[in-house]
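If you read the protein sequences in the order shown, they are chains A and B.
Residue numbers for the first sequence follow our numbering, so the first one is 1 and each next one is one higher.
Residue numbers for the second sequence follow our numbering, so the first one is 292 and each next one is one higher.
Hints in this document: simulated from the structure, not taken from any laboratory.
Worth double-checking, as some hints may not be accurate.
Claimed, not checked - Taking lysine-lysine pairs in the BS3-like style, the calculated list, with each CA pair at most 25 Å apart, reads:
#1 B:Lys627 x B:Lys308
#2 A:Lys162 x A:Lys129
#3 A:Lys87 x B:Lys297
#4 A:Lys187 x A:Lys164
#5 B:Lys308 x B:Lys297
#6 B:Lys308 x A:Lys87
Said to hold, decoys possible - Covered stretches of chain B (chain A as the covering partner; in silico rule of three or more C-beta atoms under 8 Å from a C-beta of chain A):
#7 399 to 412
#8 534 to 544
#9 547 to 558
#10 577 to 590
Said to hold, decoys possible - Cβ-Cβ distance ranges computed for the label pairs, FRET-style:
#11 A:Met165 x B:Tyr316: 28 to 36 Å
#12 B:Ala589 x A:Tyr257: 56 to 64 Å
#13 A:Val158 x B:Phe579: 35 to 43 Å
#14 B:Gly440 x A:Tyr257: 41 to 49 Å
#15 A:Ser92 x B:Ile399: 35 to 43 Å
#16 A:Tyr257 x B:Glu435: 15 to 23 Å
#17 A:Tyr257 x B:Tyr316: 57 to 65 Å
#18 A:Leu79 x B:Met455: 56 to 64 Å
#19 B:Met608 x A:Val75: 17 to 25 Å
#20 A:Phe277 x B:Asp508: 18 to 26 Å
Note that this is a predicted model, so its numbers are computed, not measured.
C-beta: ideal position from N, C-alpha, C; glycine also.
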Amino acid sequence: MDNLQLLISGLANGCVYGLIALGFVLIYKATEAVNFAQGDFMMLGAFITIGLTNTEYMGLPFWLALPISLGLMAVLGYLLDRFLIRKMFGESQTSVVILTIALGFVIRFAAGLIWGHEPQTLQNPLAGKEIALGGLVLGMEDVAVIVVTVLLTWALYVFFSKTKMGLAMQGASQNQLAAYYMGVPVKQVQGLVWALGGVVACVAGILFAAKGSVDPSTGLIGIKAFAAAVIGGFGSLPGALAGGLIVGVIEPFASRYIAAGYSQIAPYALLLAVLIFRPHGLFSQVRSKKV
Amino acid sequence: MRIVFKTNYMQDIRPWKDGYQLSLYMLLLVVAIAAPWMLDDFYLGELTNVLIWAIAGLGLMVLTGHTGQASLGHAAFLAIGCYANIILIEAGVPFMIAFPVAGLITGIIGATIAVPALRLHGIYLAIFTLAMSILMDDIIVLAEPITGGVAGKYAPSVGVFGFMVDRWGTPNEFYWLTLGVVVLVTLGYINILRAPLGRSFIAVRDSEVSAQAMGVDISRTKTISFGLSCMVTGWAGALMGLYAGAFNNETFSVVISIQLLMMIVIGGLGSIHGAFFGAIIIGFLPQFLSISKEYVGAVFGGSTVAIPGLEFGIFGMILIAFILFEPMGIYGRWLKVRTWFELFPFYRKDMFKRQKSYLKTERLR
């Protein structure tokens, strides 16, 4: 029973990692840019929601604040693409990585300036509620996190594989020029992908802030989520989620069964092992390049 | 504009363009050697710090700027160099032997790590090295018997040719020691760049497929590049340890890795000058910020409150501005300014403009 409890809380954590990883993969899949600031996006989304909902700030009702903050993050994502990332058209991946790392610094700084550096929790309708399931006590937040993540992943998967816009995004990612010739509005598509990335980050942030607390340096868990994305395989949405879950589940079990000091190494050691033995992730979609 | 009239094939590969350029650098060297008599101890210490960062920058520049392999984990090699140096000294090895050996150890470890990393490209390599840098923190704590763990270690004074070198006791000697290392590393760097090895680095950076077609052994080149890069970084780490005096697992955190990469991007990727320009920015930005904060406080009254994270915020903004408007970094801007003056009034706006390019997928590799 103990292990089951560990598993559930690990899954809930893993879902947050998975959602951030999903954001990475989403943007990577569609624009082939790697957004290292995704963790900071999540932190920002959480803080915007806190700023709208919590009584010491604006005190709006949660269900009203939710769409507003999602919308704000979407607009932010779109604007970032419009004014920063689009200028990087055709540059190497590495310079985009450096740009987004710098962006993360700036977001962290701005969030610290506005909301302070104290950890804060989102006041939400699910706080403190529990479900008893045959001797197993589950936090309502944990259940909500898992449910929301599953739904969101499913929706995104359908979006990418079935809808016209999703296919356009995939096409634009594989070859911008060819996609442009085929009538895909590449610029618009990329802007929308960044907006979507902002929304996913915001959802992750809200879940994270409801479960625990956020402070401006929370965005650094983006690195762990990045590890998750790589473990799952960049370029595969279900893979990203699976990677997140793997990292999330490994953590509590490692800290329970492995000596202290060694346990926090586990996710990164796994990452290195995956990179060495299966460089493109466990669920990769990479084929060999034809010159 | 000076036109160099070449009469000899050696002129194509010699390290300096002409006597004028050589004399400028000699003048710079003389000024650098004389710096301790012109600056007070505080600024001399800052200058030493800049030089140490410049060595680390040169180390990363070999790998990222010239071989095109982005590393987000060079703080790990700073740490290895630093610990190797101090542990050797504590074991009774004289500094003059311990210091080069520390670099060699770091280089060998770096080349070993390069073997699995060879299969990784671009972003995967970046995340591989990033994970390594994070792991190094934990490894130092776990290896407490040798590294001192969280309590850390203290750097002793060291002797160089009978001179006592200590960061606080004899800042002048410490500065000259650092300067000496900088000059040697830079000369070595210049020499490698004009040798076949350096040319193959650049070939690998620009196109692996073409490099391979021209007979460059990609894995060997990358491994050597990793090794050299880590060796130089290890020396920088050793000096950094001596400079800091005390250090533990958190001294060489992953933030230092990121800062190092950003530093050479601001300075200008793919140029030796870039490492120095970047180091100047990194070294003097905190001082500049605190001075300007005092100034602002004096003018508008009051606000001398410390703003946490200000340094990184400003740093991020500078970096974004550079990547957007001057991807070649400070050195690239300097080249443009110089060309403007040399060609006056014939400089055209698009002389340095790169060709239009579109995104080619790296997914099908």
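Here is how each hint holds up against the structure:
The straight-line distance between the Cα atoms of lysine 627 of chain B and lysine 308 of chain B is roughly 18 Å, inside the 25 Å bound, and the hint therefore holds. At most 25 Å may separate the alpha-carbon atoms for a hinted pair to count; lysine 162 of chain A and lysine 129 of chain A exceed this at roughly 37 Å. Simply put, lysine 87 of chain A and lysine 297 of chain B have alpha-carbon atoms about 41 Å apart, too far for the 25 Å limit, and the pair is violated. Restraint check for lysine 187 of chain A and lysine 164 of chain A: the C-alpha separation of about 16 Å stays at or below 25 Å, so the hint holds.
With a C-alpha separation of about 10 Å, the suggested pair lysine 308 of chain B and lysine 297 of chain B falls inside the 25 Å cut-off, and the hint holds. As the CA atoms of lysine 308 of chain B and lysine 87 of chain A are separated by approximately 35 Å, the hinted pair breaks the 25 Å bound. Under a criterion of three residues with beta carbons nearer than 8 Å to beta carbons of chain A, the stated coverage of the segment 399 to 412 of chain B is upheld, 3 such residues being counted. Remark: the segment 534 to 544 of chain B is not confirmed as covered by chain A, as 0 of its residues place a Cβ nearer than 8 Å to a Cβ of that chain, below the required three.
For the segment 547 to 558 of chain B, the proposed coverage by chain A is satisfied: 4 residues have a C-beta within less than 8 Å of a C-beta in that chain, meeting the threshold of three. Check on the segment 577 to 590 of chain B: 0 of its residues sit with their Cβ under 8 Å from a Cβ of chain A, so the three-residue criterion for coverage is violated. A C-beta distance of roughly 57 Å is found between methionine 165 of chain A and tyrosine 316 of chain B, which places it outside the suggested range of 28 to 36 Å. Against the hinted window of 56 to 64 Å, the Cβ-Cβ separation of alanine 589 of chain B and tyrosine 257 of chain A comes to about 59 Å, which satisfies the hint.
Range check, valine 158 of chain A to phenylalanine 579 of chain B: about 52 Å between beta-carbon atoms, so the 35 to 43 Å window is missed. At roughly 23 Å, the beta-carbon separation of glycine 440 of chain B and tyrosine 257 of chain A lies outside the given 41 to 49 Å, and the hint is violated. The hinted range of 35 to 43 Å is not satisfied by serine 92 of chain A and isoleucine 399 of chain B, whose Cβ atoms lie roughly 29 Å apart. The hinted range of 15 to 23 Å is satisfied by tyrosine 257 of chain A and glutamate 435 of chain B, whose Cβ atoms lie roughly 22 Å apart.
At about 60 Å, the beta-carbon gap between tyrosine 257 of chain A and tyrosine 316 of chain B stays in the expected band of 57 to 65 Å. Distance hint for leucine 79 of chain A and methionine 455 of chain B: a CB-CB separation of about 58 Å, consistent with the stated range 56 to 64 Å. For methionine 608 of chain B and valine 75 of chain A, the Cβ-Cβ distance of about 21 Å falls inside the hinted range of 17 to 25 Å, so the restraint holds. In this structure, phenylalanine 277 of chain A and aspartate 508 of chain B meet the distance hint of 18 to 26 Å, their C-beta atoms being roughly 24 Å apart.
Of the numbered hints listed earlier, those contradicted by the structure are 2, 3, 6, 8, 10, 11, 13, 14 and 15.
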